[in-house]
Amino acid sequence: MSIRAEIHVRTQEGRLQALAQSMSSVPDKRQIFLESTVVGMLNGPWVSSRDGRRAGTARALLESFLRGDQVVGRMPPSKNVNTVIALLNPADDGVWEFRIGDPRPGIRILGRFAEKDVFVATNWVNRENFRDPVTGQDDPRKWRDEMIRCKTIWNQLFPSYNPLIGGSLHEFISNARFPI
Amino acid sequence: MNSSATQDFLSEVHSNNRISAGTLAYFQTRLATNIHQALLKLFCKLESDRSFTRRELADRIGRKPEQITRWFSYPGNLTLGTVSDICVGMGYELESVTLVNLKSGKRLQCPDRHVDWSRLADLYQREEPIGARLPIGTPRRSALGEQISETNPGAKRRSLDQPLDDRTTRTEFQRSDHRTAATVQLQTTQHVSRTHIGQEA
Numbered sequence: 619m620s621i622r623a624e625i626h627v628r629t630q631e632g633r634l635q636a637l638a639q640s641m642s643s644v645p646d647k648r649q650i651f652l653e654s655t656v657v658g659m660l661n662g663p664w665v666s667s668r669d670g671r672r673a674g675t676a677r678a679l680l681e682s683f684l685r686g687d688q689v690v691g692r693m694p695p696s697k698n699v700n701t702v703i704a705l706l707n708p709a710d711d712g713v714w715e716f717r718i719g720d721p722r723p724g725i726r727i728l729g730r731f732a733e734k735d736v737f738v739a740t741n742w743v744n745r746e747n748f749r750d751p752v753t754g755q756d757d758p759r760k761w762r763d764e765m766i767r768c769k770t771i772w773n774q775l776f777p778s779y780n781p782l783i784g785g786s787l788h789e790f791i792s793n794a795r796f797p798i
Numbered sequence: 162m163n164s165s166a167t168q169d170f171l172s173e174v175h176s177n178n179r180i181s182a183g184t185l186a187y188f189q190t191r192l193a194t195n196i197h198q199a200l201l202k203l204f205c206k207l208e209s210d211r212s213f214t215r216r217e218l219a220d221r222i223g224r225k226p227e228q229i230t231r232w233f234s235y236p237g238n239l240t241l242g243t244v245s246d247i248c249v250g251m252g253y254e255l256e257s258v259t260l261v262n263l264k265s266g267k268r269l270q271c272p273d274r275h276v277d278w279s280r281l282a283d284l285y286q287r288e289e290p291i292g293a294r295l296p297i298g299t300p301r302r303s304a305l306g307e308q309i310s311e312t313n314p315g316a317k318r319r320s321l322d323q324p325l326d327d328r329t330t331r332t333e334f335q336r337s338d339h340r341t342a343a344t345v346q347l348q349t350t351q352h353v354s355r356t357h358i359g360q361e362a
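Chains H and C, in that order, give the protein sequences. Numbered per our numbering, the first sequence finishes at 798, counting up by one with no gaps. Numbered per our numbering, the second sequence finishes at 362, counting up by one with no gaps.
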C-alpha cells in the first residue's frame, strides 16, 4: 500500500481531513491533510476572537499553499524568521512548520511532507506556548516537545512510512524559493 | 475545510449579520497573499530578466535590503504604503483592482478606465474640425501617433496588431490632454491594453 492509499484510509477513518479552498477560484496544485485536532483549531469554535483571527489568517495562508502560490521557505542552517514555511532543525527529522505571524505572537502548524506538495499537518501550537512563563524567552525544550509530538502523531497515522526527506526546497515544494 | 464548513463560512459573509473576526482576518490575509504573489512574481521576473537585486530595490526606495527580504518573505508584512513603494521601486504602479461579488461571483474592475483604443480612435474622428485647422501639408496623426493615409484609413487599425512595446514607444498625441490621459494608462495597464489588442484583432 502506498502512502497515498494510507492517507486515503486515514481520511475515511476521519483521522485526517483534506483541506479544501473556501472559494475555489483555481484548482488545487498542492494538498494539505489536517489531523483532527488541527481541524478543530482551524474551524472553531474559538474561545476568543483572537483565536478566530489566528485561524482565519492560518486558513488563508494554507489555501494560498493549496493554490500553488509561490512559497518562500527556509531550510537549516537558515534562521530567517520571515518565511511562510520552514524545515526545522534537525533536518533529518523532516518536521516542517507553517509560520502564521498574525496576530502576534502567532501560531505554528507543524507537520511533515508525505510526498512532494503533499503536507500532513499534525499539530497546532500557539506561539506563546513556546515561551518560558518566567523569562518570557523561547524555551527550546518546548520546541523539542512539539517536534516529538509531530513525529509521534505521524507514526500513529503512518506506522510504516517515513516522511519525505530531501536536501533542497524544491524536493518538497514546487514553485518555492528561498528568501530574496 | 469540509463542504458544510465552507458553506457556513460564506453564509456568514452573505448574511447581514456581523462578520466574525476570523472571517475578516481570512479575507485580509487572502488580499495580502494575492498582492504578495504579484510583487514576488514581478521581482522574480526582473531578477531573471536583468539581474535586478534586492539591494537595487532597497537603494531606490531608501530602505535597507533586510527590509526588502522581510516584505517579500511573508505576506503579512505588507501595508498599502509599502506595496506602492515596492511597485514604484520596480518601475510599476498598482493601478486597478478587481472586486468580486461573493454572492454572484461577478467581477468589477476598479477604476475602470483602461485605454479603450477604439473609443480613442473615435474621439479623434470626432475632433476632425480641430485637426482640420492644421497647416496644409502637415501629416495627420491617429490617436496612436501614426500618420493616417487619407486613402487608407485602415492603417490606424493595423497598428494595433503590432507588438505592444513597439506601439508604446510611438504613443504620442497631438493634443496634450490626450497625452496625459493615455500615456499614464499605457505605462501602467500593459496587460489590459494587450487584452484589448487581442479583442480588436
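In case anyone wonders, no lab produced these hints; they're calculated from the structure. This one's a predicted model, so the numbers in the text were calculated from it and none came from an experiment. Do not take every clue at face value.
Claimed, not checked - Only pairs whose alpha carbons sit at most 30 Å apart, straight line, appear in this in silico DSSO-like list of lysine-lysine:
no. : chain 1 : residue 1 : chain 2 : residue 2
1   : C       : 267       : H       : 697
2   : H       : 647       : C       : 264
3   : C       : 225       : H       : 697
4   : C       : 264       : H       : 697
5   : H       : 734       : C       : 206
6   : H       : 734       : H       : 769
Against the structure, the hints come out as follows:
1. Taking the CA atoms of residue 267/C and residue 697/H, the gap is near 43 Å; set against the 30 Å cutoff, the hint is violated.
2. With a C-alpha separation of about 25 Å, the suggested pairing of residue 647/H with residue 264/C holds against the 30 Å cut-off.
3. Between residue 225/C and residue 697/H, the direct Cα distance comes to roughly 19 Å. Compliance with the 30 Å bound is thereby established for this hinted pair.
4. Of the pairs offered as hints, the one joining residue 264/C and residue 697/H is violated, with about 43 Å between alpha carbons and a cut-off of 30 Å exceeded.
5. With a C-alpha separation of about 25 Å, the suggested pairing of residue 734/H with residue 206/C holds against the 30 Å cut-off.
6. Under the criterion of a C-alpha separation no larger than 30 Å, the hint pairing residue 734/H with residue 769/H is consistent with the structure, at around 18 Å.
Of the numbered hints listed earlier, those contradicted by the structure are 1, 4.
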